[in-house]
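Enquirer: The chain contents come next:
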Amino acid sequence: MRSLAERARAGGEWTLRAAVIALLAWSLVIALRGEDNGGTEQATSSGLRAMLARWSTVVTPAKVHVTLDHPPSAQERDWLGALSAARTAVEWSGPSLLPIAVAFEPRADPARGADVSVAAPAGTGVVLRDTIGVLDSATAQAAGLRAYIPKPRRTVDAVAGPVVARAAPRDSLVLGRLLVIGRAGWETKFVTAALEERGWEVDAHVIVSPKSDVRQGRIDAIDTARYSAVLALDTTAARYGEQIARYVRSGGGLVLWAPAARTRALAPLAPGGVGLIMEDEGRPPSDSAPREVLEVVPITPLAPDAIALEHRGVEPTLAARRVGPGRVIQTGYLNSWRWRMAGGDDAPDLHRDWIAGLVARVAYTGRVALPSPPTDPAPLAALIAKLGPRANAAMGSTGYDPAMIAWWVFAILCSALMIEWASRRVRGVK
Amino acid sequence: MSEFVFATLEYASGDWESAPALPENLIDTVAKHTSIDIAPVGVNVKLGFPEVFNYPFVWMTGHLPVRFTDAERRNLKRYVERGGFIMIDDHNHDITGEFHKTAHEEIERTFGRMTRLKNDHELYSCFFVFENGPPNTNHELNGWGDNLLHRYLDAVLVNGRIGLLYSSKDYSSEWNFHAETKRTMQDDPTKFGVNLIVYALTR
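Protein chains in written order, with my numbering: chain A, 1 to 430; chain B, 1001 to 1203.
Everything labelled a hint here was simulated from the structure, so no lab data went into it. Owing to the predicted nature of the structure, the values given are computational and were not obtained by experimental measurement. The beta carbon of each residue, even a glycine, is placed where N, CA and C say it ideally should be. A couple of the hints might just be wrong.
Said to hold, decoys possible - Distance ranges between label pairs, derived from CB positions: (1) B/Asn1159 to A/Pro150: 14 to 24 Å; (2) A/Asp130 to B/Pro1065: 49 to 59 Å; (3) A/Asp305 to B/Lys1118: 45 to 55 Å.
As the list claims (entries may be wrong) - For lysine-lysine, the following BS3-like pairs were computed, each having C-alpha atoms within a straight-line distance of at most 30 Å: (4) B/Lys1118 to B/Lys1077; (5) B/Lys1046 to A/Lys211; (6) B/Lys1118 to B/Lys1191; (7) B/Lys1046 to B/Lys1032; (8) A/Lys211 to B/Lys1118; (9) B/Lys1191 to B/Lys1077; (10) B/Lys1191 to A/Lys211; (11) B/Lys1101 to B/Lys1191; (12) A/Lys211 to B/Lys1032; (13) B/Lys1077 to B/Lys1182.
So that you can see chain A by itself, here it is in the shape it has in the complex:
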């Protein structure tokens, strides 16, 4: 009769045998599921395309995890989305992928430039490039960054680390004419000249005396079919007050100088009131802050729905608002011509850009759709929209590595067999 110790040892051996058999059975099941539809498959950016082909033709994994060092192409992204829709859980990780987006908006300007806006985390270095090469680089602020591209090409890329966001013009703007209304004076002359030099076709009504005026172009109806914007320089614009108000309320753009904003007819459209004049001391405008020395009338009080675009001290000097579908911008600078005449070497160009920029902010434009090349304006957002947010842990939500588990199972099996075999040898049983 066997002793209690021998019976216990025999029980232990049977337990080890049973454990080995159970582990072998489990491994068999796992192996079969891996060949069929079980397990988590891994891929990286470099091997993604090959793995996508494998997951679509060789195996049907229950789950895949993709570790990305750059965003997948649109095709790969769609492919992953299709896998996800076909009941393969797709998760991804990529800590170096930054959420950036780029938007491209043609400017209402005969120079045919475009504004590019980039959304990126503050402090991110962003490089702008087109099909020719690098255009500019800058660090994103809290509100992202904006850039003006004088000669946009087919596409514009915003590059932040490994992420490339691509935008392209969707439409071309159809520009109308401009109407300048003002008294004979230097501001009227130089504003008109700057806009004509920029390429705008300008109609002008310049008042010289109560009985005499100078008309340039055919001025009859003020409507969006003819004009992209009206520039009202002084009180003489009040004679068109009703027409201008109707024009703005139907979508037209209006640039108001302070004296015009003061008139009863145009004040309801103005982004703000007219404050006390800050005199020009006759100093030449500097290249770095040219408008600082110009005579200015602060825009105060500001209308509740207006936004200030520029200040001198705390006083708004440039402000804008919407009036129905129309847009109005008010400038407090009375003699911007001094900038052009008395400024530095680049003053005429900078003054022209500035005046054209005022008009571009409000101008009414028609649009013609353009054939658009493939774009990817927000790669990370598109990835999240397709696959959901990135996985928290590097290895996915399950938190284990099947390869490691296989090694552990192998070690346990070996150990159990060795112990069971050693135990039997010690007992003298074969």
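Starting from the known structure of chain A, fit chain B onto it as the hints suggest.
Expert: Leaving out everything else, chain B in the frame of chain A:
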């Protein structure tokens, strides 16, 4: 800075101040016929100094030879290219005179040859209408100076606009009268000056 200020151009050589009563007469005519916001008195500005750029219309005249300094030449070019309007009038009314010859040399050195303005140019109709081009002066009609009737004015054009206008007609003598005299005149001879200013302000 919003108002129009009549500016007489000072230059280093010559007698730039040879028509001291002209600004007053021209200012009077502009104020009488237009609603242009014009300063009641004119100023003198030095071509060689940055202040000249605060006055986009300047009147230049004289009898003596004109020799610009480098700074004056540089400012003149920049002034015209940026949209300023300079009227240069030969106070000698003499195309063989020193002012005419030297002023022409300076202009051609800075801008190249001037363009002869046609007499139907808008300069002659932008306010008062002068059907035959630039109005004649008594000095021309009386045979003084070079004893010629100058039927055209010459100009430097920038983007189609007049930037510099040159006259051999001697408006500097014609308009340089005592202000009280205007009351006794049958027709105001300075009316063409209004066209110059209206053109400069509107084109």
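Enquirer: Please go over all the hints and tell whether each is borne out by the structure.
Expert: Hint check:
1. B/Asn1159 to A/Pro150: 14 to 24 Å: holds, 21 Å
2. A/Asp130 to B/Pro1065: 49 to 59 Å: With Cβ atoms ~57 Å apart, the hint holds.
3. A/Asp305 to B/Lys1118: 45 to 55 Å: With Cβ atoms ~53 Å apart, the hint holds.
4. B/Lys1118 to B/Lys1077: Within the cut-off at roughly 24 Å; holds.
5. B/Lys1046 to A/Lys211: violated, 36 Å
6. B/Lys1118 to B/Lys1191: Status holds; Cα separation ~19 Å.
7. B/Lys1046 to B/Lys1032: At roughly 28 Å apart (the allowed maximum being 30 Å), B/Lys1032 and B/Lys1046 satisfy the hint.
8. A/Lys211 to B/Lys1118: Satisfied, since the Cα-Cα distance of roughly 27 Å is no more than 30 Å.
9. B/Lys1191 to B/Lys1077: At roughly 28 Å apart (the allowed maximum being 30 Å), B/Lys1077 and B/Lys1191 satisfy the hint.
10. B/Lys1191 to A/Lys211: holds, 16 Å
11. B/Lys1101 to B/Lys1191: holds, 28 Å
12. A/Lys211 to B/Lys1032: holds, 12 Å
13. B/Lys1077 to B/Lys1182: Violated, because 36 Å separates the two Cα atoms, which is more than 30 Å.
In this structure, the hints that do not hold are numbers 5 and 13, in rising order.
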